[in-house]
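Residue numbers (the numbering used here), protein chains in the order written: chain A, -16 to 221; chain B, -16 to 221; chain C, -16 to 221; chain D, -16 to 221; chain E, -16 to 221; chain F, -16 to 221.
Pairs involving identical chains hold if they fit within one copy or between any two copies, as the list cannot separate such chains.
Below are the DMTMM-like pairs computed for lysine to aspartate or glutamate, each with C-alpha atoms no more than 20 angstroms apart in a straight line:
hint: 1; residue 1: K89; residue 2: E135
hint: 2; residue 1: K63; residue 2: E27
hint: 3; residue 1: K139; residue 2: E167
Simulated from the structure, these hints should not be mistaken for lab results.
6 protein chains.
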Amino acid sequence: MVRAGRSLQQLRPISITRHFIKHPEGAVLVEFGDTRVICTASIEESVPPFLRGKGTGWVTAEYSMLPRATHTRSSREAAKGKQSGRTLEIQRLIGRSLRAVTDMAKLGERTIYLDCDVIQADGGTRTASITGAYVALVDAISSLLAQGKIAESPLKEAVAAVSVGIVDGQALLDLDYQEDSSAEVDMNFVMTSSGRFVEVQGTAEAEPFTLEQMDAMRNLAMTGINQLFTHQQEALSR
Amino acid sequence: MVRAGRSLQQLRPISITRHFIKHPEGAVLVEFGDTRVICTASIEESVPPFLRGKGTGWVTAEYSMLPRATHTRSSREAAKGKQSGRTLEIQRLIGRSLRAVTDMAKLGERTIYLDCDVIQADGGTRTASITGAYVALVDAISSLLAQGKIAESPLKEAVAAVSVGIVDGQALLDLDYQEDSSAEVDMNFVMTSSGRFVEVQGTAEAEPFTLEQMDAMRNLAMTGINQLFTHQQEALSR
Amino acid sequence: MVRAGRSLQQLRPISITRHFIKHPEGAVLVEFGDTRVICTASIEESVPPFLRGKGTGWVTAEYSMLPRATHTRSSREAAKGKQSGRTLEIQRLIGRSLRAVTDMAKLGERTIYLDCDVIQADGGTRTASITGAYVALVDAISSLLAQGKIAESPLKEAVAAVSVGIVDGQALLDLDYQEDSSAEVDMNFVMTSSGRFVEVQGTAEAEPFTLEQMDAMRNLAMTGINQLFTHQQEALSR
Amino acid sequence: MVRAGRSLQQLRPISITRHFIKHPEGAVLVEFGDTRVICTASIEESVPPFLRGKGTGWVTAEYSMLPRATHTRSSREAAKGKQSGRTLEIQRLIGRSLRAVTDMAKLGERTIYLDCDVIQADGGTRTASITGAYVALVDAISSLLAQGKIAESPLKEAVAAVSVGIVDGQALLDLDYQEDSSAEVDMNFVMTSSGRFVEVQGTAEAEPFTLEQMDAMRNLAMTGINQLFTHQQEALSR
Amino acid sequence: MVRAGRSLQQLRPISITRHFIKHPEGAVLVEFGDTRVICTASIEESVPPFLRGKGTGWVTAEYSMLPRATHTRSSREAAKGKQSGRTLEIQRLIGRSLRAVTDMAKLGERTIYLDCDVIQADGGTRTASITGAYVALVDAISSLLAQGKIAESPLKEAVAAVSVGIVDGQALLDLDYQEDSSAEVDMNFVMTSSGRFVEVQGTAEAEPFTLEQMDAMRNLAMTGINQLFTHQQEALSR
Amino acid sequence: MVRAGRSLQQLRPISITRHFIKHPEGAVLVEFGDTRVICTASIEESVPPFLRGKGTGWVTAEYSMLPRATHTRSSREAAKGKQSGRTLEIQRLIGRSLRAVTDMAKLGERTIYLDCDVIQADGGTRTASITGAYVALVDAISSLLAQGKIAESPLKEAVAAVSVGIVDGQALLDLDYQEDSSAEVDMNFVMTSSGRFVEVQGTAEAEPFTLEQMDAMRNLAMTGINQLFTHQQEALSR
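With these hints in hand, go ahead and build the complete structure from the sequences.
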């Protein structure tokens, strides 16, 4: 297996553009190769019922794809009247990932919504979403600090995510759509900047995988995520 | 009433970017000032049940706004499980407008979906959607012609749309969000390049309007739409 | 084009029967030819959440057709579990039209529901609904005045509506179903008794229309609506 | 307990008006006192999937109340997006009752929809619906016979229904809304003109009832239903 | 007609197992032959909105079947997104039946949910549910008494239910699925231990039934329900 | 941390009862301690549309919990009208796990539905479901073989699943509800009898986890799953 333009251990070109949309407190366009996701962070001065009066905040995510983000048009979930299991699964993952690096007591009794809307899909939309949503979250937190609404950042460390897989028996980093379609195994890793794991999800699409394969994928993911932290830092320092 | 940077009879800066997304047969980013809409055209080789076997095609539209396209976040229709009356009304309008310039027999037994997704809203999202969707539709038709699937373009003429209104008693062209919020009357005109009307919608938001006001708004709209046809042509000639 | 029993500029026989149903505060059977609509006005001593505590009222409308109001049975929206785009569009139009003549501060913190249920459809159901709902609204307001709940009528003027269209190139007033089905253009005008416009909606069903055609239709509509005001007054004086 | 204008063993004034609406094959306005229901019968030349190709027909019913058929406005089921348990229960009952007197083989592979829409409710809406729907069904069957679509009527006998109850310990026939609200027991009987039972439904609203009370109610119901058969016959002979 | 293993007047083997599940306040597995239903009673210290602040309680029921409780798999209502008319009808019946023997004032401002989940269906699931739910309700009430939350039992008497029918012209007690499928008439009786009726529901599936048949069925039901009271008492005394 | 009755590396008592329900082709009650799940396998002689005519089969799963399977009653998904994200996520996991060991070509053009209904929940419901569903699947396959519908078993190997977690810094096997509630990390492993992985899901509930912790959990899971294979074999040999 040979990849056009990059080695098996390489990420696609990564781009993180802040302030892509004018209204939200955080608004990022994140690109992993041809995968492009708009990640916005919106602050609301209230919390869900189960948290009211407890003095702690909440971070939650919603995910969607434009109908024609994909090769063939998929029908619009709002028109069908329900979100698919895949959508719910991904947005739950994004929400958990960002909550893992946020101190809810320091956030105070408010909610931050992270909306990840895929405008072009080419594999890895959930990992790009997590990576971009973190940057949008930092910007939203900065606006709270600037307004004096919170005294101290509730962010404990950075979080980023990448997909890895086994294609033709070989471990690959950051699969695009075509690679993903022919992968025997597909894993997603979500890690924090202290080198720890927040989420690990591995699925044998065709054939169960061995301990050795899992370790090879995990090593690749750790390398890739470290590079994503650098991209996030560069975007945030601009 | 004085407008920053433009006269009462002027459009906002208009921008039409083709090929904004890679997968769709037509993919346009249309901007009316700060209003930004992704309009894609997707071809499907089938028609709705009521047209099957009749040899004629169909053009239909779907419309949505990203939750944070607006000043404050609005909840996601897919999550709520139904589209609002406003959404249905707008997408029906877009569909009718584009069907008005398409010869369904020449299109053949296929459907073109026009998806208009507002990524940033600042007034006039439905008129920007119609104006941009026309360009996406031209590109989709061109791909059908290039593939030899149709021999002749089913497009009869161009279509574009603009909003007009009465603010502080004066007629204004192409209202932005703030103007729209304080307008006494809001009208939308959809016209074809032969100078004829496809849709006219006027609503008194605060106070009923007079015949003279309607005529003043109509005149403004006719001027503005002519300029939009020029923008469409320039985009298509690039 | 020749019409059976009336000229192109004539309304169908109009009938407005008050107190058609015993429970509602206002209950009108309105007939435009064979189109028959039950319009009821119901008072509730509360307002929607967005108005609570502001001291102002609300007027809203709901619209429906009995399954067999039409030539062929259409399926029941309650059974399908959602209202069609057409239904939502019409009931939003009715609500806006009646709100345009009501002073919400004078109404006080209460809601008036206008339910328009078409029991027999033969074209012009939305214009008949608006015309009849106004009379039901007057009766409901009278009951509030009679009970001393409000001191002064919140109604600023009367409102009525009519459809016009172009059939075989000629402008027609108050189209029945068959005329509507073959119309090239279909417009609905909603006006107040001071001769001003509340809503204007024009749609080219087959062919875009010219400025001259729009003006011809508008003139017809203005004449027809004036006659509807007379019918409303006669019904209210009985 | 004394009743205004009728004895405890008397029906309310019954009225059955045929051809109340022009489009349906059968269209009846049935009135049991102040309860008024429009019952239409619509023929469709197809059957539900589970009957296709079997050569037999189907009779089914749908039931609804206008929002303001009642003292206080109830919210519209189409707007809520689902039919209540009460609605489903009643329309299932109406369907079963009319199917009980129809020979499905003689009906042939077609469906008759019975739509019962209550425009004014004052108790006994389900029994009025059944009684009126039978007359609408006869008219629809007659149109099939007249068109030569069927050679012989599939109707085996007539069907009608009445409510009975216990109020203040006494058995009452044909309860109005106020009586129904204070009834200890509420029973509905559906019978055929051969004096047999199709449906029996009894519910203790406040206190369980005895065998003797059940028998007293049953006797009253049998008398009342016989009178309803006469009303149906008279309406059909006009 | 001859029955395997029992006479026409006999119940199937009845079994009532308490404490079948560990969490609920009442948890019964009830078996009528091969029909097996888990009935749980759950106490919630709140009441529905229409009862708040009135000092009285509420008893309500929900009913469901596992998809494969039946011979062929039926689709899951949660997946279809709505409960069928049959489900709603049955759970309303169960709720009414149990409320009939409960003094809501003595229960205090709390709700008892009775969940009846059929894990194996062989006819009579609604009557088994009522019979088992009563035992679960007694256990839940006992826990309230034991905790001192109420001083006195709100249960006025016992309630149980059985089905009867006409098969081949003969009256049968407690029909299993196969008998039910071929029954000409199907009746369900719900009675209290004082020998009074709470609910009576009879349906002619094929042919209307006579007064004599109704009486024969009623007699059978009264005998069968008396035996069910004994089974309930035995279970509660263990 | 000390566990009552078992070491940190021990499974809870495991019980697998076949033929628990009479209708389904496979019907298993699986118990992991106090967690009890009914797993049924139902064969349908058709496949979803995307597979029609391809000669291959499908295996899919649905998951649900009885409302009172848990400490406090949770509302019924059928009544709410939609399945939660958690439910969809779990049933997708079960389906993928069982498909991973099934040769769809050998299964032929038919679908096997695996319904996992939790009647009592005490942690690990998804892993118990997968482990039990495999046994139900084997029984369903056996019935196909016995009827000669397939010549050869499509099952490639066994599949089972277990949860592991970190509580108070220590790795634990097979967490019950209370342990799961206080776990810092929660992982689920799905493996095949050849010692390979089908699914790996790890979530940091409170604190991100290290590579060493992941390896400790993985080792525990591998040991536990091997014991589950023994339990499955024993159940199948009875």
